[in-house]
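*Asks:* Next come the chains, spelled out residue by residue.
Number of protein chains: 2
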Amino acid sequence: MRQSQLFLSTMRESPADAEVISHQLMLRAGLIRQLAAGVYTYLPLGRRVLQKVEHIIREEMERAGAQELLMPAMQPAELWQESGRYSVYGPELIRLHDRHEREFALGPTHEEVITSLVRDEINSYRRLPVTLYQIQTKFRDERRPRFGLLRSREFLMKDAYSFDTDWEGLDQSYWNMYRAYNRIFARCGLNFRAVEADSGAIGGEGGTHEFMALADIGEDAIAVCSQCDYAANLEKAQAAVPAFIEADQRADAGTAEKFHTPNLRTIDQLVQALHIDPAAIIKTLIFIADNKAVAVAVRGDRDINEIKVKNYLGVENLAIADPAAAARLTGAAPGSIGPLGLTVPVLIDEEVARMTDGVAGANEQDYHYRHVYPARDLELKHVGDFRNIVEGDSCSRCEKGRLNIYRGIEIGHVFKLGTKYSARLGATFLNPDGQVQTMLMGCYGIGVSRILSAVIEQNHDEHGILWPAAVAPYCVHLIPISVKSGFQMQTAMELYSELLAQGFEVLIDDRDERPGVKFKDSDLMGLPVRIIIGRDAEQGMVELVERKMNKKELIDKDAVLKRVREFVESEV
Amino acid sequence: MRQSQLFLSTMRESPADAEVISHQLMLRAGLIRQLAAGVYTYLPLGRRVLQKVEHIIREEMERAGAQELLMPAMQPAELWQESGRYSVYGPELIRLHDRHEREFALGPTHEEVITSLVRDEINSYRRLPVTLYQIQTKFRDERRPRFGLLRSREFLMKDAYSFDTDWEGLDQSYWNMYRAYNRIFARCGLNFRAVEADSGAIGGEGGTHEFMALADIGEDAIAVCSQCDYAANLEKAQAAVPAFIEADQRADAGTAEKFHTPNLRTIDQLVQALHIDPAAIIKTLIFIADNKAVAVAVRGDRDINEIKVKNYLGVENLAIADPAAAARLTGAAPGSIGPLGLTVPVLIDEEVARMTDGVAGANEQDYHYRHVYPARDLELKHVGDFRNIVEGDSCSRCEKGRLNIYRGIEIGHVFKLGTKYSARLGATFLNPDGQVQTMLMGCYGIGVSRILSAVIEQNHDEHGILWPAAVAPYCVHLIPISVKSGFQMQTAMELYSELLAQGFEVLIDDRDERPGVKFKDSDLMGLPVRIIIGRDAEQGMVELVERKMNKKELIDKDAVLKRVREFVESEV
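Chains A and B, in that order, are what the protein sequence lines are.
Per this note's numbering: the first sequence = residues 1 to 572.
Per this note's numbering: the second sequence = residues 1001 to 1572.
Fair warning: there could be bad hints in the mix.
Stated by the list, open to error - Quick partial rundown of chain A residues pointing at chain B, CB under 8 Å, derived from the structure:
{"id": "1", "residue": "Ser9"}
{"id": "2", "residue": "Met11"}
{"id": "3", "residue": "Gln67"}
{"id": "4", "residue": "Val113"}
{"id": "5", "residue": "Leu117"}
As the list claims (entries may be wrong) - Output of the computed footprint for chain B on chain A, the stretches with three or more beta carbons under 8 Å from beta carbons of chain B:
{"id": "6", "segment": "32-44"}
{"id": "7", "segment": "95-108"}
As the list claims (entries may be wrong) - Here are the in silico distance ranges between beta carbons for each label pair:
{"id": "8", "chain 1": "A", "residue 1": "Arg2", "chain 2": "B", "residue 2": "Glu1505", "range": "39 to 49 Å"}
{"id": "9", "chain 1": "B", "residue 1": "Lys1400", "chain 2": "A", "residue 2": "Asp512", "range": "46 to 56 Å"}
{"id": "10", "chain 1": "B", "residue 1": "Asn1123", "chain 2": "A", "residue 2": "His463", "range": "24 to 34 Å"}
{"id": "11", "chain 1": "A", "residue 1": "Glu505", "chain 2": "B", "residue 2": "Cys1228", "range": "37 to 47 Å"}
{"id": "12", "chain 1": "A", "residue 1": "Glu505", "chain 2": "B", "residue 2": "Pro1432", "range": "54 to 64 Å"}
{"id": "13", "chain 1": "B", "residue 1": "Asp1171", "chain 2": "A", "residue 2": "Pro515", "range": "36 to 46 Å"}
{"id": "14", "chain 1": "B", "residue 1": "Glu1078", "chain 2": "A", "residue 2": "Leu554", "range": "47 to 57 Å"}
These are computed hints drawn from the structure, not numbers from a lab.
Here a beta-carbon is modelled for each residue, glycine too, at the ideal position from N, C-alpha and C.
Taking the hints into account, I'd like the entire structure generated from these sequences.
*Replies:* Here is the structure:
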């Protein structure tokens, strides 16, 4: 492609409303333009990158035996009513009426459509399992679209759905997709982790993993072990628990005693007034879980993880009790509440269960207990992991490594749905004995457009993008320094033809611009290999620059083809 | 692909609601499924055909120098207000509100978006011309969706837009796309004509062509010359006009005289009562054209072409006058109106201008004139082509051939928009002299999904589809007659591997079904080459069937690769 003809405008300055570097660089390098909040046009360079990513996804989906189809964006409201999601999905679901006043949703996801399709097409175990996928435009009316393609309202997604006869089959389909996702993101040049995640509101039994590209601007926090391959979403991450100290091992422990603590309501106040470690305090909060009250006790230096509490209780809704309700249930206002003598069930975090000399609220205004020894003083009926892990916790899997907390951009998600949709929509089949069974489903998503942002967040320097070869819009940037020099242009055009003939994607900067302008644009666009044709061309020499490593060398122009091929082979 | 694993269900019977053959076959062969009226899912076989067509389009667009981008479906209402189309587009435009009550349209086309984009990106003649295209999903809330993919509400379209500095440039861009379209449709195996069309409501100066796939179920009528390459939409088609007979060449013509014609109001009544040819009657109708009255006179056996009348007058709106208004303007009710003595302008069709002895209304209840000789009796101020052509008319271009009328499916459309959108949206540039000029635009559409319907309408027999090799979902259908025969299956799997290794797309029917079922499905699906592995396989022979020609022959299995290659090369 001749750059003089390319539909591309670069910008020197970052637009004021672009907060994150990937958004800034995508605008500056002419990859995308905003049409409305969270709604973007992909310019030719951006479209090319998108196509590279789509191509990698298709190859790996086909390799994994998934079959491509294409479902519509316009989905009848009736289908969403059948699954029960029409009323609960909220304002993210874009709804519209057709000219006959029939209601439709613009698909944010396609569980309903695919389930109704497979229900109608397949009725025998003989035609299962099957995994179907599409690369298709999704619509979600985000409350706050931002960060360019990271949180947009119209975006490209790869969504796949598997259908199996039993849990064992679902397990195979799930790990098959899991492996395909690892290959896809690796081929895109991403630094990512597959992290264990909570199944969340979408429901369903069984496992789920999120694929997270590590990046400081990521909206999710993930815990990653320094030694083993354990990685989990913060909602789900578990730390290793120290060994249990049996009650009789601490025969020296003092007896729990109530003492006056006027105006000491917060952990900080207790720490300062009593000169104790926050880890020695038992923090107790009252929650309403599906209309029933429960207490949760964690160490004073920990945060309660509500997802873990919900999962332990098996409830749909969990909310902290308002102060009046808490006082009614415990006899004290928050700040003086503690686990001793409560009538509501008490969930005790493992770390609390292992304390031997704690301070806890006495459920009486301005009083606390000291020398609380839970194994002795409490009924340890509900002990579990109810806290958020923190940086430096021991890994629960290998028990050797430390957990580090990173930020991640969610680029993919695999999920065992089980029978959630198939049961509601009646996707059944006849088993070999002629009995009706419900299909087991999995769903698997990749944020195709979001991958562009993630790649750039991980691959840039102060001058611009550093495209991995596999997803670069072009592989080679040919830059004749002076288009007025007949010799330089001739050399450049010869190299251009040779590279094209060998199947390389080449952009040639044939614009009559100053070298400084060309180099700045080239740095910004970040094609992997740059070949500069300047004065040395008359001696048959050109400069080859590997953009990422900023490795420059003067080479014989006859060696260009070989060197470019070597580079690409080493990269991809 | 193993057919046992393919997500495909064929149907023996045509669904009741599928009126046309392409719709029936697409459902029966498992290419598409309906989700809602005019909203379809493409199953794997259909998706593959779509991708073949997309690939051909991309290759030819790139060859023509067009650059691909991708614009959003969600378009802010403000843009449509800027172009003036938001209020006039009607209920076909799907409108919606986001959560902040901002109005959006779901793009039925992208003139507004592309014009605003190019306005913002390009401001100098140096960066023109440019042609941009996308393959993207469009939404049109058709009043009556039908015929499967032929008239649907969500569909895939390739739309391109060119931007030039002057009309000469636009002309080049236009014909460049015109040639690309010819290549695209030819490669898809379609029998089509590029027909001259009227610019219609979309407006704009200059030319437009519609690309029509000939098919009896087509919604448009086109006139095609039997001798030359003239082809035009019926709205636009012109017949050759017989030589003019000067007034003095018919000195024998009788004088126009009024005569009593009680209760003779229609052409039929006049023909029967007076025993004359309808071609000897002058039919005169009164129209209201942008609030002004005009009369239009054509031969009694002709229909008035309102598009031609509108274009002649240069008006936006044309409607036939109601009887009361017509009587007020002429002094007579419809049935007694004629061109003599009218005070409103009279548009006279060329055929009428050449008559020498006509019968026409006298603008007096129950009276007509006979011996009307327009060249003598009328002021021939507005003579032109105001009628629809009919089958058998002489061609206006070569004057030798006859015009035949065919039905056509519109598969593409090229259109010179001129400055219609660029002027309204302010897409200007600086010319070499530093002056501001308005860009000249063209727009170019292809109904990508509609091509599937057109191909099938033209390529089928009573048993199923006859895919042209270039767009077939798979090229070769391998059919081992009995999967229980180890020898047949081994031969089939060997051929499968060999064909795949050579890059052919192969579907192998490895299902344990009766041969009759397999052949019926194979006929329905219509892959170009079928290879049947039956008992003769033990003698090293297989049957090769060219589906389209129903050409069968027993060949040595070692000759299969060579024969398939020969076939494909002869087809594509």
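*Asks:* Are the hints correct? Go through all of them and say.
*Replies:* Checked hints:
Proximity of Ser9 (chain A) to chain B holds as hinted, the smallest CB-CB distance being about 5 Å (cut-off 8 Å). Taken as an interface hint, Met11 (chain A) does not check out: its beta carbon lies about 11 Å from the nearest beta carbon of chain B, beyond 8 Å. For Gln67 (chain A), the interface hint holds, since its Cβ comes within 8 Å of a Cβ in chain B; the closest pair sits about 4 Å apart. For Val113 (chain A), the interface hint holds, since its Cβ comes within 8 Å of a Cβ in chain B; the closest pair sits about 6 Å apart.
For Leu117 (chain A), the shortest C-beta to C-beta distance to chain B is roughly 6 Å, which falls under 8 Å, so the interface hint holds. Figure legend: the segment 32-44 of chain A, annotated as covered by chain B; annotation consistent (9 residues with Cβ-Cβ distances under 8 Å, at least 3 required). Only residues whose C-beta sits within less than 8 Å of a C-beta in chain B count toward coverage, and the segment 95-108 of chain A has 7 of them, enough to reach three; the restraint holds. Hint check: Arg2 (chain A) to Glu1505 (chain B), Cβ distance near 34 Å, so the stated range 39 to 49 Å is violated.
Roughly 54 Å separates the CB atoms of Lys1400 (chain B) and Asp512 (chain A), a value that falls within the hinted 46 to 56 Å. Our hint of 24 to 34 Å for Asn1123 (chain B) and His463 (chain A) holds, since their Cβ atoms are close to 26 Å apart. Distance hint check for Glu505 (chain A) and Cys1228 (chain B): the Cβ-Cβ separation is about 44 Å, which falls inside the suggested range of 37 to 47 Å. Between Glu505 (chain A) and Pro1432 (chain B) the beta carbons are some 33 Å apart, a value that contradicts the proposed interval 54 to 64 Å.
Checked against the hint of 36 to 46 Å, the pair Asp1171 (chain B) and Pro515 (chain A) passes, with Cβ atoms roughly 37 Å apart. Judged by the Cβ atoms, the range 47 to 57 Å given for Glu1078 (chain B) and Leu554 (chain A) holds: they are separated by roughly 54 Å.
Hint compliance for this structure: hints 2, 8, 12 are not met, and every other hint is.
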